[in-house]
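Assembling the complex is the task here: the two chains are given apart, and the hints tell you how they should meet.
Protein sequences appear in the order of chains V and H.
1412 is the number of the first residue of the first sequence in our numbering; add one for each residue after it.
9 is the number of the first residue of the second sequence in our numbering; add one for each residue after it.
Just so you know, the hints here were simulated from the structure itself, not pulled from any lab data.
It is possible that part of the hints are untrue.
Computed list of lysine-lysine pairs in BS3-like fashion (alpha-carbon distance at most 25 Å, straight line) [unchecked claim]: (1) V/Lys-1468 <-> H/Lys-11; (2) V/Lys-1466 <-> H/Lys-62; (3) V/Lys-1468 <-> V/Lys-1429; (4) V/Lys-1481 <-> V/Lys-1466.
A quick note: this is a predicted structure, and the numbers were derived from the prediction, not measured.
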Amino acid sequence: DVKVTQSSRYLVKRTGEKVFLECVQDMDHENMFWYRQDPGLGLRLIYFSYDVKMKEKGDIPEGYSVSREKKERFSLILESASTNQTSMYLCASSSLNRVGAYNEQFFGPGTRLTVL
Amino acid sequence: LAKTTQPISMDSYEGQEVNITCSHNNIATNDYITWYQQFPSQGPRFIIQGYKTKVTNEVASLFIPADRKSSTLSLPRVSLSDTAVYYCLVGDINRGSTLGRLYFGRGTQLTVWP
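The shape of chain H in the complex, shown without the other chains (with noise of 0.2 Å):
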C-alpha cells in the first residue's frame, strides 16, 4: 500500500511561492502521482499528474525525484484564492488490479495571508 505522508498545514503570503512535499515511499512502478485541490464544501479538483522528472502546467509544477520516494508541488506566487486542502494522490487504477493502490493523503491546509 503505498502510503502518503504531507504536512498538516502550512502558511504563506501574497506572491510567495510555495512548495508542498508528499513522502510515499513505498510507491509502486506503475504508480503516478497526483494532487489535488479542496475548497470548503466542494469536492477535490484535479490540479496535475506527473510519473517521474517535472511537470507543469498553467497552474503548478511538479517535481518528482529519480527515486520517485517523494514529489512536491509548487504553487507559483500565490493568491488568497489558493487557500485550501492540497492532497497527494499515488496509485493506479488499472481493471482489476486495485485496491490498496489509490491512497490519497491526510491532505495539508495551505493558509495564504495577505
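Chain V extracted, bound-state conformation (with noise of 0.2 Å):
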C-alpha cells in the first residue's frame, strides 16, 4: 500500500523560529509538492521537485524554502515562522509523467502548524 508520512500531525512554533517539516514517500515517486491547505483557498502549491537536489517553485513560494537530499525525502523549511504562516501543510508525491500517463499525486494527512 502506498505511503506519504509527515513527520508531525500538529506543530506549535513561536513567532522567528526556524521550522522543519518533513515528508518521506515509500513508493520510490520522482515527484514531490509541499501544498498549503487554508479555508477558502483550497490547496495552494509551495514548491515541487522532481529528482534529487532539483526544486521548482509553485504559486506562493516566498518565506519558504526545500530540501531533497534523498528520493524518499522532501523537507519544507521556514527559516523565520510567522504568524501568517499558520496553517495546514500537505505532502505529495507522484511517480514521472509521461504523456498519455498518470500524474496522481498520493497525499500525506497534513501537518497543522500554529505560528504564535
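What follows is the structure, given as C-alpha cells:
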C-alpha cells in the first residue's frame, strides 16, 4: 500500500523560529510536492521537486525553502516563521509524468502548524 | 496560469446523481484534468483523471467538452459517505517546465443528506 508520511500531525512554533516539516514516501516516486491549505483558498502549491536536489517554485514560495537530498524525503523549511504561515501543510508524491500517463498524487495526512 | 473555478458547496440526497462542474478557461494543450476527494483531517485522494471526452471508472465519470474549458465530475447514486470536499486540478508536471502549471481549485463541499 502506498504511503506518504509527515513528521508531525500538529506543531506549535513561535514567531521567528526556524521550522522543518519532513515528508517521506515509500513508493520510489520521482515527484514530490508541498502545499498549504487554508479555509476558502483550497490547496496552493509552495514547491515541487522532480528529482533529488531539484526544485521548482509553486504559486506561493515566499517565506519557504525546500530540500531534497534523498529521493524519498522532501523537507519544507520556514526560515523565520510568521503568524501568517499558520496553516495546514500537505505533502504529496507522484510518479514521473509521461504523455498519456497518470500523474496521480498521493497525499500525506498533513501537518497543522500554528505560529504564535 | 490555468486557474479553476468551482461552486463552493452543493447539497444532495442519498441515491441521487451529483454533477460538479469546474471551469478552467485558460487550460493549456498539455494539461490534464484531475479530480480529488478530501475528508476532514485527511489528505486529498485521487478520484479520476482525463484529457478529453469522457472517462469512467468504478467510482465516477468525468465529462470534458471538446474545447476543454470546463469539466464535470459525475458521482452516481451518492451515499452519506460521499460527503467531502471535491477539488478540480488542472495542469501538468513535466519536469523543468512547471510552475504555474499545476493549480487546485478552491474545492466544492458536497453534503449528502439522508
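Hint check against the structure, violated hint numbers in rising order: Of the numbered hints, just 2 does not hold.
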